[in-house]
Amino acid sequence: MKQSYSLNVNGTVHKIEADEDMPLLYALRDDLGLNNPHFGCGLAQCGACTVHLDGRPIRSCITTISDVGDGRVVTLAGLGTPERPHPLQTAYIEEQVPQCGYCINGWIMTAAAFLRDNKKPSDEQIRSALEGLKCRCGTHMSILRAVKRAAAMMG
Amino acid sequence: MTRIETNFSRRALLKAGGALVISVGAPVTFDLAHADEAGGAAAMSATVKPALTPDQLSSYIAVAADGTVAAYFGKMDMGHGIAVAIGQMVAEELDVPFRSVKVVMGDTATSVNQGGASGSTGIQEGGKQLRAAAAEARRVLVEMAVDRLGLPADQLQVADGVVSAKENAAKKVSYGELIGGRYFNVQLAWNGKIGNPLYAPGKAKPKDPKDYRVVGQPIKREDVAPRVFAQFDFITDIKVPGMVHGRMIRPKVAGAVPVNVDESSIEDIPGAKVVWNQGFLGVVADKEWDAIKASRQLKVEWSDAKPPFPAQAAIYDYIRNTPPRKKEAGGKTVGDVEAAFKNAARVIEAEYEWPFQSHASMGPACAVVDVKDDQVTIWTGSQKPHYTRDGVAALLGVPVDKVHAMWVPGPGSYGRNDAGDAAMDAALLSKSVGKPVRLQYMRDQATGWDPKGPASIHRARAALDASGKVIAYEFMSKGLPRVDVNSNESKPYDTLAGQLIGVPLKSGDGFAVPQESYGFENKYTYWETVPPLLDRGSPLRTSHLRDPVGPQIHFASESFMDEVAAALNMDSVAFRLQYVRDPRDIAVIKAAAEKAGWQTRPSPRKNLTGTKVSGRGFAYVQRGLTRVAIVAEVDVDRLSGKIWARKFTVAHDCGQIINPDGLRHAIEGNVVQGISRTLWEEVKFDNKNVTSIDCLTYPILDTTETPETIETVLIDHPEIEPSGAGEPATRPVAAAIANAVFDATGVRIRRVPFSPDNVKSALS
Ligand code: FES
Ligand code: FES
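Top line first, the protein sequences correspond to chains A and B. Taking the working numbering, the leading residue of the first sequence gets 2, the next gets one more, and so forth. Taking the working numbering, the leading residue of the second sequence gets 9, the next gets one more, and so forth.
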């Protein structure tokens, strides 16, 4: 049974019709036409679908639309812009991190929340904070360089 | 999408009697983007260049009125920054600023078939052709300027796309003024081949490397920022009007086919439809979530197929004991190995095993296909859109010129993954429902049903004389064939869709032997293959996975060299240097050892006690014309069996370096993926099907296991034609780790993966 939902995404409220068990990911991609986040596994195992819900990184592939309520959803597109980039976005470009780039969303959204809450993290803290994310292309070395660079920028 | 409208004067420039003719006709438009996301065939049809054939200069290079250069590339950039490198090579030869070159990739309407991304030949073969074409374009433009300026060519110079008199810089004409908007109509000396070996030079000779200004510079990618700001569409983001969503349904027992499908079981789902043809079963629905629900809800009765696979534990015995289907010598056979073994004072022998591995791309493959009566349009993440076009044409039985394929970057690509299958499946779905279909696989299908890197065993023997000299060496690879399905995905029998609708099979075959330059006086290397476990629609069908069969072969051969060195109580670098013959090989070996501060001593290290132990290991390989030497430094926790591959030092020689920054990133990615494949990756299966179906059952390396350091030593040979870098550094990683684990623990592990459980049992 489809029901109506109001979704607050990147500061705009959208009305959509959906099954209550539909994961948020499909509302963002299919209904709102956002090209981020991405479907990687649908099982909360890779991070490609990560968005912020009221500032917390969540896996939108397993978060149902009915669980989102009136929470504020922020996607990678809402994190920063070329004019006002998030430090992680700047660092990603500086370090030329991605190979294919399909994983970017998960790493940046997860790291953004982590760096906001953890100033001057150690190398080990960064590694364990990002442990649950995947990058199949193996860009881990540049991801870690970029996160450290962004951490330094964020003081 | 950037579109250049070209205005040009109608003054024809015809050189009497010569080959140089500029086509003059209606104004032309050419796209500078790789794909026309929304417009489809109609919008793209205005961009079709005259005679898009490999022997036309216009098939590679065009100059717009503003001097912007389009370089049409029949390969594509899978994320290593090849587009930058190609832009650099073209800008260099044409003498235009790097920023004015746009590289247009992987669109069958704008480029000829240069083989797609394949075998690390982006620069080696693809770049070579673009370099030759750009050099020819410059020659032609200068010839035009001769006419225009009334001066002989040797009194002209070119800078930033402007031809001017050496004596009087005010006397000048720009490329844009010379040809802007018109196409080159210049015949090239095409070698008659398509794909990787396509080569079609003109009369011009490319520049002397000593004059390079753009080639060799660490220019950055421009496609990073759009990805980072969510302004970039992957193949998964392509939407076309009227599109519906598709999902495929695969059997629980490999080889089973649907015998009964109850369409009424999904009638409550809006727009849900079943597409069923023999073994091929999919659904479509208007919304993506509805398609997923329909694929899960559909009631299907499957045929009672006999479980096709041996137990996982028996796979290596299957390979060992099955009579070979095919056997071939590889490399150069030297001397008489059998005779030498008879005279040996000592024989060293070992056998190694490597499992099936999955591409496990970051996202399941996706394709959008629109099958109309008169035109088929394909958006694909396939590395080989030209072959995908050919394959879809054959599958649907339509002429190739009615099919247009556009490559759109996908969720990672390391060879023949599931992308080609998705395009073929989507084509059948679209044809059946009469609408454009966007198909994406689910995770269990991506890992469970992608073409796999083959499992194999490798046996090596060395004969030593009384002085410890190696007098003979024999090496055998035996495995599932490297290509049950060809990586070109251009034949229906090479795709799941074709196999599931009953197309006659034609399995590929072959394996390979080590690539190195050990100068043993008697040497014989060969390979054997065994038949596939299930010949049709198999989740264990094999195809190219990054550096096809390279990691397994060189895991074995370079582990074995270490074993021989250890048996002789020799330092393993010194051992290699005693036998390696090729000077470039010797140079990479020395460079890696020196950079890593390699201490000359035999392995294993002394004093093997302690829970946490460390060791260093060495390996070296050739891949094509590229050579790589690598030092791995690892920590092993003997209690947990956990290995941390902590530091790598890589010396890399791929001839002329086009972009050192891109090269370094490519090497790092190779090493990290190589570590992952060594430590973790094994496709699990039971007798019915593959059971590695997600990120838990097919784990890959995470950040806590990422090395601390990967040092690279780039050996540049401007005078030697560039060779590949997309795969070679993957090749020696497993052996370097194995050798380091031996150094640390004194235990030789001959089977990949080195997961904690496997290492623990090997150490106990
Ligand atoms: S797609 Fe959500 S975690 Fe993988
Ligand atoms: S860059 Fe391809 S998966 Fe991370």
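Derived by calculation from the structure, the hints in this document are not laboratory data. Any given hint might turn out to be false.
[As the list claims (entries may be wrong)] Partial list, derived from the structure: chain A residues whose beta carbon lies under 8 Å from chain B: (1) Y27; (2) D31; (3) L33; (4) Q46; (5) L54; (6) Q100; (7) N119; (8) S123; (9) Q126; (10) T140; (11) M154.
All C-beta atoms in this analysis are idealised placements derived from N, C-alpha and C, irrespective of residue type, glycine included.
Do the hints match the structure? See the list:
Nearest Cβ of chain B to the Cβ of Y27(A): about 4 Å, under the 8 Å cut. The hint holds. For D31(A), the suggested interface contact is upheld, since its CB lies about 4 Å from the closest CB of chain B, less than 8 Å. Nearest Cβ of chain B to the Cβ of L33(A): about 12 Å, over the 8 Å cut. The hint is violated. The beta carbon of Q46(A) is positioned within 8 Å of a beta carbon in chain B (closest approach about 4 Å), and the interface hint is therefore held.
Residue-level restraint check for L54(A) is violated (minimum Cβ-Cβ distance to chain B is 17 Å; threshold 8 Å). The interface hint given for Q100(A) is met, as the beta carbon of that residue sits about 3 Å from the closest beta carbon of chain B, less than 8 Å. Taking 8 Å as the C-beta contact cut-off toward chain B, the hint placing N119(A) at the interface is violated, the least distance being around 15 Å. For the restraint placing S123(A) at the interface with chain B, the shortest Cβ-Cβ distance is roughly 13 Å, beyond the 8 Å limit, so the hint is violated.
Taking 8 Å as the C-beta contact cut-off toward chain B, the hint placing Q126(A) at the interface is violated, the least distance being around 11 Å. For T140(A), the shortest C-beta to C-beta distance to chain B is roughly 6 Å, which falls under 8 Å, so the interface hint holds. The restraint placing M154(A) at the interface with chain B is violated, with a minimum CB-CB distance near 15 Å, outside the 8 Å limit.
Hints 3, 5, 7, 8, 9 and 11, counting from the list given before, are not met by this structure.
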